[in-house]
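Let chain B serve as the given structure and place chains P and G on it in line with the hints.
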Amino acid sequence: MNMVRLDKKKFGDFILELSVEHAVYAPGNTGGKTDFIPVSSEDEINLKTLVTDLSPKGIFFPHSEVLYEYDTEGIRVPEKEAGKPIAVWGMRGCDSRSLLMLNKVFGSAIQMPDNKNFQDPYWKEKYDSSVIFGSACNMPQSTCFCNWFGDGPHSREGMDVFVVDAGDHYLMEPVSDKGSNILGKLTCLTDSLEGDAEAALKLASEAESTMVPPMDVNGLGELLNDLYDEPVWEDISAKCINCGACTFSCPTCHCYDIQDEGKGSSGKRIRIWDSCMFPIFTMEASGHNPRALSSQRVRQRVMHKYSYFLEKYGDFLCTGCGRCITVCPVNLDIREVLKTINVYNRQGITNG
Amino acid sequence: MSEWQPRILAILCNWCSYAGADLAGVSRMQYPPSIRVVRIPCSGRVDPLFIMKSLQSGFDGVLVSGCHPGDCHYISGNYVARRKFAVLKPLLEFIGLEPNRVQFSWISAGEGDRFAKVVTKITEDIRELGPATRLVKKT
Amino acid sequence: MNTTNELRKSIKALIAEKKVDLFLAWEKGSLPLTATPLFVSTEDQADRAVFDVTCGNNLSIYFTKDRKQFANRKVGIAVKGCDARSVVLNILEKQIQRENVVIVGVPCDGVLDRKKVLAKTDGREVLELIDNGETVTVKGNGFDLLLNRNEILSSSCLACTYPDAQEYDVFIGDARGEVPNESRLKEIHDFQALSASERWDKTRNEYERCIRCYACRNVCPSCYCNVCFVDQNDPKWIGSTCDYTDTLIFHVIRNLHVAGRCVECGACQRACPMDIDLLMLNRKVAMEVKDRFGDIAGLDINGKPAMSDFREDEKQKFIMG
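Chains as they are written, first to last, in this note's numbering: chain B, 1 to 352; chain P, 353 to 491; chain G, 492 to 812.
Extracted from the complex, chain B is given alone in its bound form (with noise of 0.2 Å):
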């Protein structure tokens, strides 16, 4: 299937259409921040929006999630409400590609010792079932980093179907089956005009020249590993307050805790979104804590982002998005922090 087009009057049109079959999720206001929230409508969504200020994993994987709830009769999976498979609207390629990495720890199957195959199926029910409508980035920010990972503002990667923004139109055209096969069902959609690709073609080029050019990442997993015991992680983390915020915006980190919430005879058992930052993270029930340092949580969540993950999954566990440089209380730049990662071994190469 070809390149169609979406005439911008008739975007609400294509909201209502696609709200019939699907639970539809598109970049909106909450407070004074923007977020992926539920739409019904075209009014709710906030087009104008860069990065949104919290990243689209929540749709897939909430901040609070019950697991199952218990009473004296036995345990019970919540049951689900709609139950529509989910489409969004409008995640940018940073944002896309990280539920594929999100996808290989909770969509992959792992191998388990008594030889099962292990899949989240919270996470497979809502991802397995979703359409993903990307959004072409025209006007990347200038804490944008997605060039560093070979990627680019125009990058397709986890969308179903891909969408450009071509002025009093949308062009979009499918990346997957599964986007082949929405596209054919909406009626609201028109044949690309002669000329509409090239167009595409001209703002990724346009919006890839505005990016800064891109730290060289190569070997990046191994530099990091070679410096694990080097003291720079004392500097590098030393303004660092260790509070969740980076954490909690990125759309790559996913570490959970479990928690019960009993009350009587009954409770419910809640996965909850974690924080490396936290000092309790790691603390074990003996009171030893082996991450009790602030250096220490800096270093496992870089080192997890760019070594752990490349390592098992062959990918960074980063997509440039830039939002925890946004967000950081006290100005962190996870940019910095690689850059000087990067010029420090240079050093201690040289130095012995």
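Hints in this document: simulated from the structure, not taken from any laboratory.
By construction, the Cβ of each residue, glycine as well, lies at the ideal position given by its N, Cα and C atoms.
Since no wrong hints were added, every one of them can be taken at face value.
Pairwise CB distance ranges (calculated):
1. P/PRO384 - G/GLU642: 49 to 59 Å
2. G/GLN560 - B/PRO78: 44 to 54 Å
3. G/LYS500 - B/GLU284: 44 to 54 Å
4. G/ASP681 - P/ARG397: 31 to 41 Å
5. B/GLU157 - G/GLU669: 53 to 63 Å
6. P/TYR426 - B/SER40: 56 to 66 Å
7. B/LYS84 - P/LYS490: 15 to 25 Å
8. G/VAL670 - B/VAL212: 33 to 43 Å
9. G/GLN683 - P/GLY462: 35 to 45 Å
10. G/LYS500 - B/SER108: 55 to 65 Å
11. P/ASP465 - G/LYS781: 35 to 45 Å
12. B/VAL212 - G/GLU625: 29 to 39 Å
13. G/ASP681 - B/ASP216: 51 to 61 Å
Below, chains P and G alone, put in the same frame as chain B:
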């Protein structure tokens, strides 16, 4: 279905108010069966968190009671407590909780009648407010 | 007078004369709207120090964040009026010793709140900020806005009474003096005029956005418990979910923990990634503390934090008759 009865958590200090409650009991004074008592060493031990947690878990009201000023077994526990409560109470009202949900009193070991009166009063206040909803966590 | 230059000179002198081993200041951040904390230990590094409208961080948090770093060291710190009060509180609460701290006051005209600037640019990214004194210019792709300073200052600064450090060793430039300012109380009185259920709805709307990142707590100089009550899990006092009852209890109790200790520096509000109006409750508590006990946090280095003190004859109308 039986009529709703207020459930009130009474946090009583060991040396005065708890003994006052005892006296009310042995003197066979009548008061509504609405309170559940938690005995603590001193009203100074009361962390505002106890009160918030009680409301969150569904108590319709909280009564905290200690020794009269000057009578604290630990000399100054209730003075420190009073400062805490003096800030807590307006703050709870400020965020929109009903003023009478959380109340404080001083009851000595000899004031069994006062204890009965205080419990009757807070029970009436809370009955008027109805069941707590605002800070109650849905389970 | 150029505050930044004077600050650099002052830091260099303190380091050269070996009066401090380490100096806490600000440097230009990687983003136009925010400065970042700077740890100076050599004279060269002092040239990176700046002071301007972006220096919102209350640096006294670092005294209690990593005590090891400061043990047996003379530490200098650049302070705005509110930061100085935090340092005083840290001294009062025996977290640091007065003789180990060199306090350098800077003349403060208020710091900006990034969220207020972004609200003015309609979500467009700011790439440059120029401070013209009464006004600031913000520039981005295809726009150039001249904003009145009052439009972008942190709400803590708009209502600031003590812009100058009250306790200092060195003061750079001209002090502004006390600025009687009751505007912060107006907001509270307006809110109190609402009905209980209106107040509850507003509070709930505000606090149900909390994502429990604890940026407010960690950026607060008065929050330095080794284990915060929300992190205690034996017993587990409150749930870690984003249920509004959980988030509200966290914030209310945190407010009470900093009652009489909050200097209203506004760091929590500026740090909040969800744009929650955190200062409102802090101000209410500070107002109660002042009205009832006559205390203002961090002004008197010989005083005692309000909540660890008492008088026998205090008003107790709120106690049941």
